Amino acid sequence: MDAKMEQFKQKLTEVEIEADHLLLARRQLVENDRLRNGNREALTALRRQARTTKTSVLSAFESIMKDVEGPGSKPLVRELCTTCGSHDPTEKIWMMFPGTDVFAGVPFHATHTILEKAQ
138 MDAKMEQFKQ KLTEVEIEAD HLLLARRQLV ENDRLRNGNR EALTALRRQA RTTKTSVLSA
198 FESIMKDVEG PGSKPLVREL CTTCGSHDPT EKIWMMFPGT DVFAGVPFHA THTILEKAQ
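Going left to right, the sequence shown walks through residues 138 to 256 as the working numbering numbers them.
Worth double-checking, as some hints may not be accurate.
Here are the computed distance ranges between Cβ atoms for each label pair [as the list claims (entries may be wrong)]: (1) Glu155 / Ala247: 42 to 52 Å; (2) Arg163 / Pro235: 19 to 29 Å; (3) Val152 / Gln186: 48 to 58 Å; (4) Thr181 / Lys141: 58 to 68 Å; (5) Ala247 / Asn169: 21 to 31 Å; (6) Val167 / Val239: 23 to 33 Å.
No lab work stands behind these hints: they were computed from the structure.
This one's a predicted model, so the numbers in the text were calculated from it and none came from an experiment.
Every residue gets a Cβ at the ideal spot worked out from N, C-alpha and C, and that includes glycine.
Required output: the full structure, derived from the provided sequences and hints.
Structural data, given as structure tokens:
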């Protein structure tokens with residue numbers, strides 16, 4: 138009977154360890170989702186501030202015009218970032234870096250680029 142109880146105890150310990158791993162993985166999934174959601178909210182706020190949407194600035198025409206212009210010609214179309222639009226890309230935005238308590242004034246374009254890469 139003692140051998141069966143030891144075997145049962147061993148199996149129960151293994152199940153508890155696996156359950157702990159499952160709970161840790163679930164917490165990590167929730168934390169990753171919370172971070173991603175925060176990045177999405179920040180990008181939406183930046184787009185509203187720039188008064189553009191992701192599709193409001195077309196870039197297909199710009200790529201066609203790059204092929205058309207010659208070596209000595211002046212650019213016909215000013216390149217616009219799809220998030221910045223005509224917003225000043227050098228405007229400073231306060232950003233808190235993940236995992237720290239440090240706020241920094243980062244240029245608008247760099248801010249949304251960092252957030253999009255993290256997304």
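Inset, instruction - Return holds or violated for the Cβ distance of Glu155 and Ala247 against the range 42 to 52 Å. - result: 44 Å Cβ-Cβ, so the 42 to 52 Å window holds.
Inset, instruction - Please test the hint of 48 to 58 Å on the beta carbon pair from Val152 and Gln186. - result: Given a distance of about 51 Å, which is inside 48 to 58 Å, the answer is holds.
Inset, instruction - Confirm or reject the claim that Ala247 and Asn169 have a C-beta distance inside 21 to 31 Å. - result: holds (23 Å)
Inset, instruction - Using the beta carbons of Thr181 and Lys141, state whether their distance is inside 58 to 68 Å or not. - result: holds (59 Å)
Legend entry - Cβ distance range 23 to 33 Å for Val167 and Val239, holds or violated: holds (25 Å)
Inset, instruction - Confirm or reject the claim that Arg163 and Pro235 have a C-beta distance inside 19 to 29 Å. - result: About 21 Å separates the Cβ atoms of Arg163 and Pro235, which means 19 to 29 Å holds.
Taken one by one, the earlier hints all hold for this structure without exception.
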